[in-house]
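Taken in order, these protein sequences are the chains called W and E.
1 is the number of the first residue of the first sequence in the working numbering; add one for each residue after it.
101 is the number of the first residue of the second sequence in the working numbering; add one for each residue after it.
Derived by calculation from the structure, the hints in this document are not laboratory data.
Beta carbons are placed, not taken as given, at the ideal position from N, Cα and C, and that holds for glycine.
Among these hints, one or two may not hold up.
With the C-beta cut set under 10 angstroms, the calculated list includes, among others, these residues of chain W facing chain E [stated by the list, open to error]:
no., residue
1, Asn2
2, Ala3
3, Thr12
4, Gln14
5, Thr17
6, Asn25
7, Ile57
8, Glu60
Here are the simulated EDC-like pairs of lysine to aspartate or glutamate, each with C-alpha atoms no more than 20 angstroms apart in a straight line [what the hints assert, rightly or not]:
no., chain 1, residue 1, chain 2, residue 2
9, E, Lys387, W, Asp46
10, E, Lys405, E, Asp425
11, W, Lys34, W, Asp6
12, E, Lys305, E, Glu326
13, E, Lys369, W, Asp52
14, E, Lys423, W, Asp6
15, E, Lys394, W, Asp52
16, E, Lys422, E, Asp390
17, W, Lys79, W, Asp52
18, E, Lys430, W, Glu72
19, E, Lys430, W, Asp46
20, E, Lys393, W, Asp46
21, E, Lys221, E, Glu231
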Amino acid sequence: MNAQVDGNTTLTSQQSTINYAEKANNSQLVSYTKGTAPINIAMFQDMPLGQDITPLILTEVPADTSIDTLVEAQLKAGKHLVFQNEIFVNGAETIVAGFR
Amino acid sequence: MIACLSAFPARRSSSSIHWMKLNLFSQGENTPQPFPPNPRTTPIPHKLLYALGISFAFLLSGCASSTIQKVAEPRPIDVVGSSYNAAQKAQDVTNYNALIQAGNLAGARVVRDIIVQSVRKEIGVVYQEFESGLFAKKAAFEVETDVFELLLSTAVTLTGAPQARTNLSALLTGTKGTRLSVDKNVFGEKTYGALVSQMRASRSKANANIFEKLARLDVIGYPLAEAENDLIQLFNAGTIHDALVQLTTQAGAAAEAQARIEDQNARIKLSPATQQEVDQITSIRSKFNDLYKKQDISSAKIILKKLVPTVKDDIPAADIWKKLDTEIRKAADPNQLPTLINAFSIN
Numbered sequence: 001m002n003a004q005v006d007g008n009t010t011l012t013s014q015q016s017t018i019n020y021a022e023k024a025n026n027s028q029l030v031s032y033t034k035g036t037a038p039i040n041i042a043m044f045q046d047m048p049l050g051q052d053i054t055p056l057i058l059t060e061v062p063a064d065t066s067i068d069t070l071v072e073a074q075l076k077a078g079k080h081l082v083f084q085n086e087i088f089v090n091g092a093e094t095i096v097a098g099f100r
Numbered sequence: 101m102i103a104c105l106s107a108f109p110a111r112r113s114s115s116s117i118h119w120m121k122l123n124l125f126s127q128g129e130n131t132p133q134p135f136p137p138n139p140r141t142t143p144i145p146h147k148l149l150y151a152l153g154i155s156f157a158f159l160l161s162g163c164a165s166s167t168i169q170k171v172a173e174p175r176p177i178d179v180v181g182s183s184y185n186a187a188q189k190a191q192d193v194t195n196y197n198a199l200i201q202a203g204n205l206a207g208a209r210v211v212r213d214i215i216v217q218s219v220r221k222e223i224g225v226v227y228q229e230f231e232s233g234l235f236a237k238k239a240a241f242e243v244e245t246d247v248f249e250l251l252l253s254t255a256v257t258l259t260g261a262p263q264a265r266t267n268l269s270a271l272l273t274g275t276k277g278t279r280l281s282v283d284k285n286v287f288g289e290k291t292y293g294a295l296v297s298q299m300r301a302s303r304s305k306a307n308a309n310i311f312e313k314l315a316r317l318d319v320i321g322y323p324l325a326e327a328e329n330d331l332i333q334l335f336n337a338g339t340i341h342d343a344l345v346q347l348t349t350q351a352g353a354a355a356e357a358q359a360r361i362e363d364q365n366a367r368i369k370l371s372p373a374t375q376q377e378v379d380q381i382t383s384i385r386s387k388f389n390d391l392y393k394k395q396d397i398s399s400a401k402i403i404l405k406k407l408v409p410t411v412k413d414d415i416p417a418a419d420i421w422k423k424l425d426t427e428i429r430k431a432a433d434p435n436q437l438p439t440l441i442n443a444f445s446i447n
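Bound conformation, chain W alone (with noise of 0.2 angstroms):
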């Protein structure tokens, strides 16, 4: 399922409308990228019934901080990069990337 995320919100706010998505669906994100502005695309995966479904966490990355050192934060507490890519948060182009 690919659906539209509304780019002029938080990301905080973004992060808790995919993670609705997500436990309503029964489906996991794949992929999130920017589409025409200001709509970002996520995209969904359907979950076998049953299993449970990690929370995403979004996280920006700053332009002076390398994504190998969120990744390594992120796998100190469990959680695996899912995606890195620019997206629409507050109407602006911003690099974010997701953990699961």
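Given the structure of chain W, go ahead and fit chain E onto it with the hints provided.
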């Protein structure tokens, strides 16, 4: 590849259609040119059509067949029984040029219109004869099977439009079953209909273009040379090659349009959700997962009956899980959440 290329001139020289065009549209020539034509003076549009068809065949088949069969297309216009022939046209062209030289643009426009309308009429007569023969004399209508089939294969692959797929698939099926000999199935009802419909539509468009220019433009805005180009387009619009190219092009465009529609339909706009709503739907999904893992069908059925009172008591176990999952999915719109919270007894 060399062998492939060597087959090309053989096909071109066997086509009588070039002769017709040179004869009809060469200004200032009073006598028909000898047959066969000089390939270097062949009108460009037709060259492109052949090149496209041959390129498809060679590129896609790897030159699987070196036998190029002749495509019987509308006969030359300068035939017995025609009311307007090349000699008459040459005389009219001479008059047209003389009037232009004399600065009599109004007179030249009249002659231009006479030439164009006369040629257009002859093309129409030949086309009608061709269209009738296409259906009535299938056996005499030879088709270069590789080009025919490959063009259609491409079209069928590209197309996403149900109607186009139906027609083109019918065409392709007929061709595949009769690679070595064209039998009646190739020109079955749907094949005939698809090709003729396309040729009629293309001719109508080309005719309208000519009418509009004749009515609106003088010989400066629409000189005879340009009118002749439009007449060539009109003639080509009534050929099998052009119809196949048009069908292929339209099939590709239809596929792209269909993909865009599907893409748009697939992109549901997610409703914003609060953290509280995320926690609630998470609790609901977790409870469902627990019941599913335990295969607690009786508890699941009780919840389902709260959500769907009409559900039957003897509903199969597999259906219970599917229906309950479907009910949870309805909460993709958070407005449906309270109903689920109540049914799943979530605090």
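Consistency of the hints with the structure:
no.: 1; hint: Asn2; verdict: holds, 5 angstroms
no.: 2; hint: Ala3; verdict: holds, 5 angstroms
no.: 3; hint: Thr12; verdict: holds, 8 angstroms
no.: 4; hint: Gln14; verdict: holds, 9 angstroms
no.: 5; hint: Thr17; verdict: holds, 5 angstroms
no.: 6; hint: Asn25; verdict: holds, 6 angstroms
no.: 7; hint: Ile57; verdict: violated, 12 angstroms
no.: 8; hint: Glu60; verdict: violated, 18 angstroms
no.: 9; hint: E:Lys387 <-> W:Asp46; verdict: holds, 18 angstroms
no.: 10; hint: E:Lys405 <-> E:Asp425; verdict: holds, 13 angstroms
no.: 11; hint: W:Lys34 <-> W:Asp6; verdict: holds, 10 angstroms
no.: 12; hint: E:Lys305 <-> E:Glu326; verdict: holds, 16 angstroms
no.: 13; hint: E:Lys369 <-> W:Asp52; verdict: violated, 24 angstroms
no.: 14; hint: E:Lys423 <-> W:Asp6; verdict: violated, 30 angstroms
no.: 15; hint: E:Lys394 <-> W:Asp52; verdict: holds, 14 angstroms
no.: 16; hint: E:Lys422 <-> E:Asp390; verdict: holds, 15 angstroms
no.: 17; hint: W:Lys79 <-> W:Asp52; verdict: holds, 15 angstroms
no.: 18; hint: E:Lys430 <-> W:Glu72; verdict: violated, 38 angstroms
no.: 19; hint: E:Lys430 <-> W:Asp46; verdict: holds, 15 angstroms
no.: 20; hint: E:Lys393 <-> W:Asp46; verdict: holds, 18 angstroms
no.: 21; hint: E:Lys221 <-> E:Glu231; verdict: holds, 15 angstroms
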